[in-house]
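Enquirer: Taken in sequence, the protein lines are chains A and B. Each residue of the first sequence is one higher than the last, beginning at 6 in our numbering. Each residue of the second sequence is one higher than the last, beginning at 35 in our numbering.
One or more of the hints may lead you astray.
With a Cα cut of at most 27 angstroms, we get these calculated DSS-like pairs of lysine-lysine [as the list claims (entries may be wrong)]:
no.: 1; chain 1: A; residue 1: K221; chain 2: A; residue 2: K231
no.: 2; chain 1: A; residue 1: K89; chain 2: A; residue 2: K221
no.: 3; chain 1: A; residue 1: K221; chain 2: A; residue 2: K145
no.: 4; chain 1: A; residue 1: K116; chain 2: B; residue 2: K119
no.: 5; chain 1: A; residue 1: K145; chain 2: B; residue 2: K119
no.: 6; chain 1: A; residue 1: K171; chain 2: A; residue 2: K116
In short, the hints are calculated from the structure, not lab data.
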Amino acid sequence: MSNLQVSLYRYNPETDSAPYMENFEVDTQGRDVMVLDVLHMMKEQDNGLAYRRSCREGVCGSDGMNMNGKNGLACITPLSEVVKDDRLVLRPLPGLPVIRDLVVDMALFYKQYERIEPYLQNDQPAPAIERLQSPEERDKLDGLYECILCACCSTACPSFWWNPDKFVGPAGLLQSYRFLVDSRDTATQERLAELEDPFSVFRCRGIMNCVAVCPKGLNPTRAIGKIREMLLANAT
Amino acid sequence: MVTNITNLGRSGLSDWMIQRVSAVILAFYALFIVLYLLFNPGLDYAAWSGLFSQTWMRIFSLLAFVSLAAHAWIGLWTVTTDYLKPTAIRVGVQILVILSIFVFLVWGIQVLWGA
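Throw the hints in and build the complete structure from the sequences for me.
Expert: Right under this line is the structure:
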């Protein structure tokens, strides 16, 4: 079996005037390792290579990147899933400013996440022990709370590419719905009022790139549809 | 808070609703016209003019024109906010689009009711 040919996006703003693609040859010894393992092997060849990683098991969401054209987490993506003809192209998440190599500036992504106020708001007196939920109320949070904010979805979304300052993006909207639907949250009206403009929610065109790339198998498009239903029910 | 002044409904929710309702109206109108043409092969001026002289057809047509105007305003406004980043160009194109839609709408009404 021939070695894996990796084409890697490189950019170091201190020394490079423009980004460029650099070719690496990696010997995986025929094993079906994860893309993150390949990056470790490349870092042994060039320790100047920069990328984010932490838990290496799909929980922390640090190593979101674009692998052969599709966003995903390098640590839980086996080569057999992305590599064709022994060629692998690695790029940073699209649409965000590049700090260095595969490391992107996620400030806008976090700004949109902050905007939806991702915490429980309840104006009723706190009970002695805890706010209870019925099993049915708790079930509504499934498919929402699991998001790890890796940004694979939002950076695969053209609407987020064009208007990242105004469109909340799939990741933020999934979390927005997580709090809108939570039986313990009483700020529903205030939350909805912040979302009814033409950009925050309605810039979603429903192309479902977010669903196609989510490494956790979540469905932001469905959550966005639910937010639209809530807005409609509230205003008609 | 995101504010907007050149979109049709001033609200994303309202634009979204108008876009969907107008799309359904336009679908019915297009379907009706296509079926009418299919079921009336040797169509002449008198029959065509007779169709448009009836009140229900004029109301249906005007509804379709207004729907088209609203649909185009919302759709093209969205396109300009996606692709035109310099403010002067974006606002200029938006004003041009809105004025063109106004002209086409009035022209359409004149054709419909003037004959």
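Enquirer: Is K116 (chain A) within 27 angstroms of K119 (chain B), Cα to Cα?
Expert: holds (21 angstroms)
Enquirer: Does K119 (chain B) lie within 27 angstroms of K145 (chain A) when you go C-alpha to C-alpha?
Expert: violated (39 angstroms)
Enquirer: Please work out if K221 (chain A) and K231 (chain A) have their alpha carbons no farther apart than 27 angstroms.
Expert: holds (20 angstroms)
Enquirer: Straight-line Cα separation of K171 (chain A) and K116 (chain A) no greater than 27 angstroms?
Expert: holds (10 angstroms)
Enquirer: Is the hinted pair K89 (chain A) and K221 (chain A) satisfied, with a Cα-Cα distance of at most 27 angstroms?
Expert: holds (23 angstroms)
Enquirer: With a cut-off of 27 angstroms on the C-alpha distance, tell me whether K221 (chain A) and K145 (chain A) pass.
Expert: OK: K221 (chain A) and K145 (chain A) at ~17 angstroms, within 27 angstroms.
Violation of the numbered hints given earlier is confined to hint 5; every other hint is satisfied by the structure.
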